[in-house]
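Visitor: Chain by chain, the residues run as shown.
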Amino acid sequence: MAAIDTTLSPPLPMSRIKPGRIVMWTVLFIGGLLMITPILFMFSTSLKTSSQIYDLRLIPQSPTLANYIEVLTEGQFPRWFLNSSFVAICVTASNIFFDSLVGYTLAKFRFRGRQFVFIAILSTLMIPTEMLVIPWYLMSANFGWLDSYWGIMFPGMMTAFGTFLMKQFFETVPDDFIEAARMDGLNEFTIWWKIAMPLVTPALSALAIFTFLGNWTAFFWPLISTTSKELYTLPVGLTSFAVEQAIQWEMIMTGAAIATIPTLVVFLVLQRYIVRGVMLAGLKG
Amino acid sequence: MAMDTTSPQSAPRLSMRTRRAIWVWAFLALPVLFYSVIRFYPTIDAFRLSFTDWNLMSKPAYIGLQNYRDMFASAEFWKVFRNTFAYLIIGTPISLLLSFLIAYFLDRIRFGHTFLRALYFLPFITTASAMGWVWRWFYQPAPTGVINSVLGSVGMGQLDFLRSTTWALPSIMVTAIWAGLGFQIIIFMAGLRSIPQTYYEAAKIDGVGDFAILRKITLPLLKPTTVFLVVFSSIGFLRIFDQVYNMTTNDPGGPLGTTKPLVLMIYQTAFNSYQMGAAAAQTVVLFTILLFISLLQLWILRTR
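Protein sequence lines correspond, in order, to chains A and B. Note that UniProt numbering gives residue 185 to position 185 of the first sequence, counting from 1, and the numbers run on in steps of one. Note that UniProt numbering gives residue 151 to position 151 of the second sequence, counting from 1, and the numbers run on in steps of one.
Chain A with its partners taken away, still in its complex shape (with noise of 0.2 Å):
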């Protein structure tokens, strides 16, 4: 083996010699140190009290968790905590079936107007949320959505990069699966909801996965559309409660991480699915 790589390497590129790769990798080993610094440091000041917090040890003298307590028993967080995830579980629940019912239906229909219906979903993704806030925020006052559960999710209950992501895959699953379903007799709701959506379960994972973690990160329109602390999102409270404690550091931080360890949670259960479906939905996107 060792014969063998001597005789090969001189005409090989350098990257055989084993001390480069211990470099690249130590490199590598720091800079990754250095990208989850702020989220260390956002952790470790959450445990300190406020007259350590100008001490920088990474690793708290006196670790306590009386600050999660303050936070969580004297603020709104359970409450937005909740709002964030009724909001975000609900909204990637309506994607997970319509986006890819509309994209089933897209992929595996052949219909007069197919082709129209396509181009004006994906023509959506053309047009940036900013844009459509005002108008939003104008039909949510004329309903009375504002200040609502409804007001901060409508927007998001369907999305064209959903129903894209769906339709491609949905178009790799045979045609000879459907045929022999309405041959049993099936209708197609069943034939889309039994034996179709089983057979895309990876896409349909990837697009929970983001659909959540967008929502329960989104700022933009629950800023806009919500006015009473109680129908925060977690990401608009700790904003609120963040300008509240001004210069009190380590409560900040330990709203922060409230608001971080969900997903954080979310990603070391799901890490390979995430990785994963961020590869998916790059390349087909």
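All clues given are correct.
FRET-style restraints, in silico, Cβ to Cβ:
(1) Leu291/B - Ile59/A: 43 to 53 Å
(2) Tyr54/A - Leu291/B: 43 to 53 Å
(3) Leu256/B - Gly214/A: 31 to 41 Å
(4) Ala26/B - Tyr68/A: 48 to 58 Å
(5) Leu291/B - Ser50/A: 41 to 51 Å
(6) Trp193/A - Leu33/B: 20 to 30 Å
(7) Met156/B - Thr37/A: 11 to 21 Å
(8) Lys216/B - Asn187/A: 49 to 59 Å
(9) Trp78/B - Arg112/A: 42 to 52 Å
(10) Val265/A - Val32/B: 33 to 43 Å
(11) Met16/B - Gly214/A: 32 to 42 Å
(12) Lys216/B - Val265/A: 42 to 52 Å
(13) Ile119/A - Ile300/B: 18 to 28 Å
Honestly, the hints are just simulated from the structure, not real lab data. Just so it is clear, the structure is predicted and the values come from calculations on it, not from any experiment. Cβ atoms here follow ideal geometry from the backbone N, Cα and C, with glycine treated the same way.
Based on these hints, arrange chain B on the given structure of chain A.
Guide: Relative to the frame of chain A, chain B by itself:
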């Protein structure tokens, strides 16, 4: 003749076709309603509003192109315009270069690959408003701010960061680059993986060096990925809001408006001063720029 043989069955076949069409439109009914009412109508409404003067109190008054004239004549608009493009023109190349370098080397590492990748990807899934505050804390003067404390402890001068009219924008930009880097790295790695290994093997047999392989094979074949990321990143910087808003809450877009991007201006015009018409005109400008960039992408990838 063919028609003759099928004619007895044409009635049930037609009905099956009709039945399927009914299914199709039953599936599409709510989505068509949704896209019409929540996407297309508001788009048209935004254009319509941009020709009106409306403060939500009185009735909207049609004023033609006056909002646009006022906007293009205002120094504040051009300042915001410059800021927005500063985020884009400095931020995009830096983030692309960094993410490519990291992806290129990370791709060659086997030992601890998933772990290293996770370190770089983690910031991408964090909440922008939360991390805006973390970075804001980092940028504080000593002894509060982490960066200035470190600078002080090694005997270097202090930096004003968010309080400086020069450095506030780059400081916020760093936060935005940091937040988006993980995504770009993953996409670059996916692009690198999609290049067939045989090309590399052939080049190695021919004795082509690493750098030449990078220049002659990797970069040209990576062009679609790069174009996608340039567009994606540009659009992200043009729409920057969360970081700026959270890092400058005491004076949004400050100091002296030097960090204010277009979306923050839109937000303030619409929801602080309630000038709905003027704000709509600003969103039309944003839309036009984004449309132009998207069309540019399509054009570049078509001429490939």
